[in-house]
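Protein chains in written order, with our numbering: chain A, 1 to 115; chain B, 116 to 229.
Note that these hints are calculated values from the structure, not bench results. Positions of the beta carbon are idealized from the N, C-alpha and C atoms, including for glycine. Don't take every hint at face value.
Stated by the list, open to error - So, partial list: chain B residues that the calculated Cβ filter (under 10 Å) puts toward chain A:
# : residue
1 : Y137
2 : G155
3 : E169
4 : T199
5 : G207
6 : K216
7 : T218
8 : G220
Claimed, not checked - Pair ranges (Cβ atoms, derived):
#  : chain 1 : residue 1 : chain 2 : residue 2 : range
9  : B       : Q117      : A       : Q62       : 34 to 44 Å
10 : B       : V143      : A       : P14       : 22 to 32 Å
11 : A       : W7        : B       : Q195      : 27 to 37 Å
12 : B       : G197      : A       : V60       : 44 to 54 Å
13 : A       : S108      : B       : K174      : 20 to 30 Å
14 : B       : S142      : A       : N30       : 46 to 56 Å
15 : B       : H190      : A       : S108      : 25 to 35 Å
16 : A       : V60       : B       : G155      : 30 to 40 Å
17 : B       : G168      : A       : Q2        : 25 to 35 Å
18 : A       : P8        : B       : L118      : 27 to 37 Å
19 : B       : Q129      : A       : S20       : 15 to 25 Å
20 : B       : T166      : A       : H5        : 46 to 56 Å
21 : A       : S57       : B       : A193      : 18 to 28 Å
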Amino acid sequence: SQTIHQWPATLVQPVGSPLSLECTVEGTSNPNLYWYRQAAGRGLQLLFYSVGIGQISSEVPQNLSASRPQDRQFILSSKKLLLSDSGFYLCAWSFDGQGISYGYTFGSGTRLTVV
Amino acid sequence: TQLLEQSPQFLSIQEGENLTVYCNSSSVFSSLQWYRQEPGEGPVLLVTVVTGGEVKKLKRLTFQFGDARKDSSLHITAAQPGDTGLYLCAGGNAGGTSYGKLTFGQGTILTVHP
């Protein structure tokens, strides 16, 4: 069965410090991978998606970057955190049937607080 | 830009009551999904509907996709405290550049009191 691991669960970082959040998927190959941010427990905003190794697309201009060094590994990074980067970050993977999304499997999320 | 509007934003009911959550858009979607999320956890997929007019049932939950594939509803019968959580709808599109990306609604926070 497919599983997704995301860590750390919580993180408190000072403004200006670097960030690295990691997400790995097991039990599937060549998944589509996504990073979302959720503010105040409401809707999700897509930050980055990747359809293959080294292929990253950004949805919104921001202080963050993403990388996919291996097929089942997706990393969210920042060189210098801003207060506005605080939030709940979620990694997800999906399998598309002819381009239709049949559903995401999400990681358990990382609560980032920038102080 | 496609948008999904969910209503109501908040719902507080007593155990045993019925409720319906709506998800509406002016855009057509190829698929519509519903997720449930508990505090501090990632959303969990409840159902995916892909055909206009489709109705799916999951125990006490009934999901419907509108005929024009622009709207959806989630109906819960005889709500229980365990149904408490954030319910999110999400729409996706087919096509070579969609890459499985989803547009999420803002969510409905449901609280069921014993």
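Does the CB of T199/B sit less than 10 Å away from some CB of chain A? Hint violated; T199/B Cβ to chain A Cβ min 13 Å, cut 10 Å.
Supplied contact hint for E169/B, tested at 10 Å Cβ to chain A: The hint is violated - E169/B has no Cβ within 10 Å of chain A, the shortest such distance being about 13 Å.
Please verify that hint: G155/B, Cβ, nearest Cβ of chain A, below 10 Å or not. holds (7 Å)
Distance restraint evaluation - G168/B, Q2/A, Cβ atoms, bounds 25 to 35 Å: Taking Cβ atoms as reference, G168/B and Q2/A lie about 30 Å apart, which means the hint holds.
Taking the Cβ atom of H190/B and the Cβ atom of S108/A, is their distance within the range 25 to 35 Å? For S108/A against H190/B, whose Cβ atoms are near 28 Å apart, the range 25 to 35 Å holds.
Taking 20 to 30 Å as the hint, is the beta-carbon distance of S108/A and K174/B inside that range? holds (24 Å)
G155/B and V60/A - C-beta distance against the hinted 30 to 40 Å: violated (24 Å)
Verify the CB-CB distance for S57/A and A193/B against the hinted window 18 to 28 Å. 44 Å Cβ-Cβ, so the 18 to 28 Å window is violated.
Verify the interface restraint on Y137/B: the C-beta must sit less than 10 Å from at least one C-beta of chain A. Since the shortest Cβ distance to chain A is 15 Å, the answer is violated.
Can the suggested window of 34 to 44 Å be confirmed for the beta-carbon pair Q117/B and Q62/A? The hinted range 34 to 44 Å is violated for Q117/B and Q62/A, with Cβ atoms some 20 Å apart.
Assuming the hint says 27 to 37 Å, is it satisfied by the Cβ distance from P8/A to L118/B or not? holds (33 Å)
Would you settle whether the hint for K216/B is holds or violated, based on the nearest Cβ-Cβ distance to chain A being less than 10 Å? Where the cut-off is 10 Å and the nearest Cβ of chain A is about 6 Å from K216/B, the hint holds.
In the structure shown, a violation is registered for the earlier hints numbered 1, 3, 4, 9, 10, 12, 14, 16, 19, 20, 21, in ascending order.
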